[in-house]
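Participant: Listed below, chain by chain, are the residues.
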Amino acid sequence: MDIKAYIESGILELYVAGTLSEKENKEVHVLMQQHPEILQEVLDIEAAIIKLTSAASNQDTNHVLNVVKKELNFNKNDTKVISIQKPKYNWLTYTGWAASVILGIGLLWTINQNNQLQSDIQVAEIQQSLLETQIENSKNSLKEANTLIAVLRDNNITQVRLKGQSNFESTYAKVYWDKNEQRIFLDAQGLPEPPSGMVYQVWSLKLSPLTPTSLGIIDNFTSDENKIFEIENANESEAFGITLEPAGGSASPTMEQLYTLGVVSVG
Amino acid sequence: MDLETLVEKFTQKDEKAFEQLYNMYSKSMHGVIFNIVRNNDIAEEVMQDVFIKAWYKSDTYSISKGRFFTWLLNIARNAAIDKTRSKNFKKTKQNLNSDLFVDIIESNDSLDSKTDAIGIKKFVNKLAKKCKDVIDLLYFKGYTQTEASEKLDMPIGTIKTRNRNCIKELRSMVLS
Chain E
0 MDIKAYIESG
10 ILELYVAGTL
20 SEKENKEVHV
30 LMQQHPEILQ
40 EVLDIEAAII
50 KLTSAASNQD
60 TNHVLNVVKK
70 ELNFNKNDTK
80 VISIQKPKYN
90 WLTYTGWAAS
100 VILGIGLLWT
110 INQNNQLQSD
120 IQVAEIQQSL
130 LETQIENSKN
140 SLKEANTLIA
150 VLRDNNITQV
160 RLKGQSNFES
170 TYAKVYWDKN
180 EQRIFLDAQG
190 LPEPPSGMVY
200 QVWSLKLSPL
210 TPTSLGIIDN
220 FTSDENKIFE
230 IENANESEAF
240 GITLEPAGGS
250 ASPTMEQLYT
260 LGVVSVG
Chain B
0 MDLETLVEKF
10 TQKDEKAFEQ
20 LYNMYSKSMH
30 GVIFNIVRNN
40 DIAEEVMQDV
50 FIKAWYKSDT
60 YSISKGRFFT
70 WLLNIARNAA
80 IDKTRSKNFK
90 KTKQNLNSDL
100 FVDIIESNDS
110 LDSKTDAIGI
120 KKFVNKLAKK
130 CKDVIDLLYF
140 KGYTQTEASE
150 KLDMPIGTIK
160 TRNRNCIKEL
170 RSMVLS
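Chains E and B, in that order, are what the protein sequence lines are. Number 48 in numbering that gives the first Met the number 0 belongs to position 49 of the first sequence; there are no gaps in the numbering. Number 174 in numbering that gives the first Met the number 0 belongs to position 175 of the second sequence; there are no gaps in the numbering.
The shape of chain E in the complex, shown without the other chains (with noise of 0.2 Å):
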């Protein structure tokens, strides 16, 4: 629209003289907040019309506003007139909350900060724990092989191989035993995984009359990785047997289950 035609009508004349119609009236409102020089022409004829009308005016007005005031009951109380004059806000309390806000924020931030860093730390903790377990695991397996070396090496180490039977000709085991540590190390690598819900069982076995003795079940098979297992022996073996048992292992060998037999070499 044509600004300066629309001023030049004299309409915004009328505006502040109060003769348009509550619909011009609106109108005029809209253009005046959209455009600026509408305001300054509004305010502008309004200041005119104001020095022009107060100068019709030849008294002092002042004292008429103590009579309004009390008729209006303004400052009716003490706290009132106390709430009235309360400092208004200066830059000082415009400084004050930014600096609260900027405050804020600065101790979110540094919350967040916390927070990551507390979780950072969880995460180290962690992966050191694993890392020590690593280690543990590392030096056990060291401390085994140390073991074996020394019993492989050593002279009182009787040596019994244990051969395929029957139905399972094509396994085998060794059994490493050291009689002063009352101890025997078994190398079941030869033996197949055994069926889920069944253990391989142990035997020390006298000869004559044949009297099998459980040495115990070797229940971690699948989870060993050398497949070396230290077990416990007091007995004056003659033999050494291993049988697939169910479970929990039997109170005698299933002979149809033999897997593997040797004999001690005499001498």
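These are calculated hints, taken from the structure and not from any lab test. The model shown is predicted, which means the values in this text are computed figures rather than measured ones. Cβ coordinates follow ideal geometry from the N, Cα and C atoms, glycine included. Please note that the accuracy of each hint is not assured.
As the list claims (entries may be wrong) - Below, a list of computed lysine-lysine pairs in the DSBU-like style, where the Cα atoms sit at most 30 Å apart:
| no. | chain 1 | residue 1 | chain 2 | residue 2 |
| --- | --- | --- | --- | --- |
| 1 | B | K12 | E | K69 |
| 2 | B | K167 | E | K25 |
| 3 | B | K121 | E | K3 |
| 4 | B | K64 | B | K167 |
| 5 | E | K69 | B | K56 |
| 6 | B | K121 | E | K25 |
| 7 | B | K64 | E | K3 |
Stated by the list, open to error - Residues from chain B that keep clear of chain E, each with C-beta distances beyond 10 Å, as calculated:
| no. | residue |
| --- | --- |
| 8 | E7 |
| 9 | D81 |
| 10 | R84 |
| 11 | K129 |
| 12 | D152 |
Unchecked claim - Derived contacts from chain B toward chain E, CB cut-off under 8 Å, selection only:
| no. | residue |
| --- | --- |
| 13 | F50 |
| 14 | L72 |
| 15 | N107 |
| 16 | S148 |
| 17 | L169 |
Starting from the known structure of chain E, fit chain B onto it as the hints suggest.
Facilitator: Positioned in the frame of chain E, the structure of chain B alone reads:
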């Protein structure tokens, strides 16, 4: 505090805002009222009523309806005109018809620097009769454009443009 905030506070019945607005507009309202009633005591009385009324009606004002000054001006003009129609008034004052605001200003000795005495007087002195009439009717008496056109026997469009030119002249005198 800008005017809009002040008026907003006033509509929320803020006494301090009311006082400030009174100080801004009371002189102007008094001029308008006095021009209609032509009596100091009555003018004061009407003034009181106007501001008391404004206070009670404050929540009816909305900026979209027009200027706050205009709102107040309407209350003042109506109150003053009502007064002139009351029985008591008619007894005391009879002849108002020919009175224009200009003669008050011309004879006003209480004008101070605040009210741009020199500028206003200069303006009034050199003001064309047609301008005086139009300004008097539209601003001091609250005539509508149509009423003014009938009273002055002038087309409506002419009222509008003439008024524009008259106010332009006023502005050049009183606004630096």
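Participant: Is K121 of chain B within 30 Å of K25 of chain E, Cα to Cα?
Facilitator: Cα-Cα ~35 Å, so violated.
Participant: Minimum Cβ separation between R84 of chain B and chain E greater than 10 Å?
Facilitator: R84 of chain B clear of chain E: closest Cβ-Cβ about 20 Å, beyond 10 Å.
Participant: Against the 30 Å threshold, does the CA-CA distance of K69 of chain E and K56 of chain B hold or violate the hint?
Facilitator: Roughly 18 Å between the alpha carbons, so the hint for K69 of chain E and K56 of chain B holds.
Participant: Looking at K129 of chain B again, its CB stays over 10 Å from all of chain E?
Facilitator: 14 Å, holds
Participant: K64 of chain B and K3 of chain E were given as a pair; does the straight-line alpha-carbon distance stay at or below 30 Å?
Facilitator: 23 Å, holds
Participant: Please settle this one: D81 of chain B was flagged as non-interface, so is its CB more than 10 Å from every CB on chain E?
Facilitator: Its Cβ never comes within 10 Å of chain E, the nearest being 16 Å, so this holds.
Participant: K12 of chain B and K69 of chain E: Cα distance at most 30 Å?
Facilitator: 15 Å, holds
Participant: Is K167 of chain B close enough to K25 of chain E, meaning Cα to Cα at most 30 Å?
Facilitator: 24 Å, holds
Participant: With chain E as the partner, please determine if F50 of chain B meets the hint condition of a C-beta pair closer than 8 Å.
Facilitator: Holds. Min distance 5 Å.
Participant: Classify the label on E7 of chain B as holds or violated, using whether its beta-carbon is more than 10 Å from each beta-carbon of chain E.
Facilitator: 15 Å, holds
Participant: Please verify whether K64 of chain B and K167 of chain B have alpha carbons no more than 30 Å apart.
Facilitator: Distance ~24 Å between K64 of chain B and K167 of chain B Cα, so the pair holds.
Participant: How about L169 of chain B: closest beta carbon in chain E under 8 Å, or not?
Facilitator: Nearest chain E Cβ about 5 Å off; hint holds.
The structure fails to meet hints 6, 16 from the earlier list, while all remaining hints are met.
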